[in-house]
Amino acid sequence: GQQLNQSPQSMFIQEGEDVSMNCTSSSIFNTWLWYKQDPGEGPVLLIALYKAGELTSNGRLTAQFGITRKDSFLNISASIPSDVGIYFCAGLSNTGNQFYFGTGTSLTVIP
Amino acid sequence: GAVVSQHPSRVICKSGTSVKIECRSLDFQATTMFWYRQFPKKSLMLMATSNEGSKATYEQGVEKDKFLINHASLTLSTLTVTSAHPEDSSFYICSAASGTQGTQYFGPGTRLLVL
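Same order as they appear, the protein sequences are chains A and B.
With the first letter of the first sequence counted as 1, position 12 gets the number 65 in the working numbering; the numbers rise by one all the way through.
With the first letter of the second sequence counted as 1, position 71 gets the number 52 in the working numbering; the numbers rise by one all the way through.
Derived by calculation from the structure, the hints in this document are not laboratory data.
As the structure is a prediction and not an experimental result, all values here were calculated from the model.
Ideal Cβ positions, reconstructed from N, Cα and C, are used throughout, including at glycine.
Keep in mind that a hint or two might mislead.
[As the list claims (entries may be wrong)] If we take Cβ atoms under 10 Å as the criterion, some of the chain B residues that face chain A in the derived model are:
{"hint": "1", "residue": "Val(-15)"}
{"hint": "2", "residue": "Gln(-13)"}
{"hint": "3", "residue": "Cys(-6)"}
{"hint": "4", "residue": "Gln19"}
{"hint": "5", "residue": "Ser24"}
{"hint": "6", "residue": "Met26"}
{"hint": "7", "residue": "Lys47"}
{"hint": "8", "residue": "Phe48"}
{"hint": "9", "residue": "Phe72"}
{"hint": "10", "residue": "Tyr86"}
{"hint": "11", "residue": "Gly88"}
{"hint": "12", "residue": "Pro89"}
{"hint": "13", "residue": "Arg92"}
{"hint": "14", "residue": "Leu94"}
{"hint": "15", "residue": "Leu96"}
[Unchecked claim] Calculated lysine-lysine pairs in the DSS-like style (CA-CA distance at most 30 Å, straight line):
{"hint": "16", "chain 1": "A", "residue 1": "Lys104", "chain 2": "A", "residue 2": "Lys123"}
{"hint": "17", "chain 1": "B", "residue 1": "Lys22", "chain 2": "A", "residue 2": "Lys123"}
{"hint": "18", "chain 1": "B", "residue 1": "Lys(-5)", "chain 2": "B", "residue 2": "Lys45"}
{"hint": "19", "chain 1": "B", "residue 1": "Lys36", "chain 2": "B", "residue 2": "Lys47"}
{"hint": "20", "chain 1": "A", "residue 1": "Lys104", "chain 2": "B", "residue 2": "Lys47"}
{"hint": "21", "chain 1": "B", "residue 1": "Lys23", "chain 2": "A", "residue 2": "Lys123"}
With these hints in hand, go ahead and build the complete structure from the sequences.
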């Protein structure tokens, strides 16, 4: 099925730096979700966004549902080593129950 | 809340045998569960959508006779890989949808190795 365009594909940052990644789609979405996946584990939900323009925080994580409903971003402030992993965005289309995944952003935090 | 379990976490089997993977929503009822397959360093690939009490909907290119899905209750869906071959070796992940907004919660995954 369709996949969302997620960027960047990978990031290598120093501990303490802020991180930003985003997801775009050519279609409108009703829901945007951000997940983190550690090696050998299932994705864990970080933040769920249900309204255009919504800005939601979860600790050091902040995500926004774009006003056009075609994009979303995730920011991580003051990164720490345990932030390492792959981050996926996901969206639920407005046409039904179609759920699409981003291609993932691999984050490496250098102590 | 919204915990999903999978069993087994990893399984090794001989070529030609069948393997069953269970997915359970532990603290909520899920009318819809999803089965994904993930290759190394790749995103999740949806295999099928499982609705309680009805037949699963398979994505294009996924053989329904090879990957049998049963969703017998609101908290349990099973995926059976029939006559497994080495190319079926992969990481299989299930998810369960909670609420009307369709948020999916994922299980921890099952690593299948077919020898």
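Against the structure, the hints come out as follows:
{"no.": "1", "hint": "Val(-15)", "in the structure": "holds, 8 Å"}
{"no.": "2", "hint": "Gln(-13)", "in the structure": "holds, 7 Å"}
{"no.": "3", "hint": "Cys(-6)", "in the structure": "violated, 19 Å"}
{"no.": "4", "hint": "Gln19", "in the structure": "holds, 9 Å"}
{"no.": "5", "hint": "Ser24", "in the structure": "holds, 5 Å"}
{"no.": "6", "hint": "Met26", "in the structure": "holds, 8 Å"}
{"no.": "7", "hint": "Lys47", "in the structure": "violated, 19 Å"}
{"no.": "8", "hint": "Phe48", "in the structure": "violated, 16 Å"}
{"no.": "9", "hint": "Phe72", "in the structure": "holds, 8 Å"}
{"no.": "10", "hint": "Tyr86", "in the structure": "holds, 6 Å"}
{"no.": "11", "hint": "Gly88", "in the structure": "holds, 5 Å"}
{"no.": "12", "hint": "Pro89", "in the structure": "holds, 5 Å"}
{"no.": "13", "hint": "Arg92", "in the structure": "holds, 7 Å"}
{"no.": "14", "hint": "Leu94", "in the structure": "violated, 13 Å"}
{"no.": "15", "hint": "Leu96", "in the structure": "violated, 19 Å"}
{"no.": "16", "hint": "A:Lys104 / A:Lys123", "in the structure": "holds, 12 Å"}
{"no.": "17", "hint": "B:Lys22 / A:Lys123", "in the structure": "holds, 25 Å"}
{"no.": "18", "hint": "B:Lys(-5) / B:Lys45", "in the structure": "holds, 21 Å"}
{"no.": "19", "hint": "B:Lys36 / B:Lys47", "in the structure": "holds, 15 Å"}
{"no.": "20", "hint": "A:Lys104 / B:Lys47", "in the structure": "violated, 39 Å"}
{"no.": "21", "hint": "B:Lys23 / A:Lys123", "in the structure": "holds, 23 Å"}
Of the hints listed earlier, those the structure fails to meet are numbers 3, 7, 8, 14, 15, 20, in rising order.
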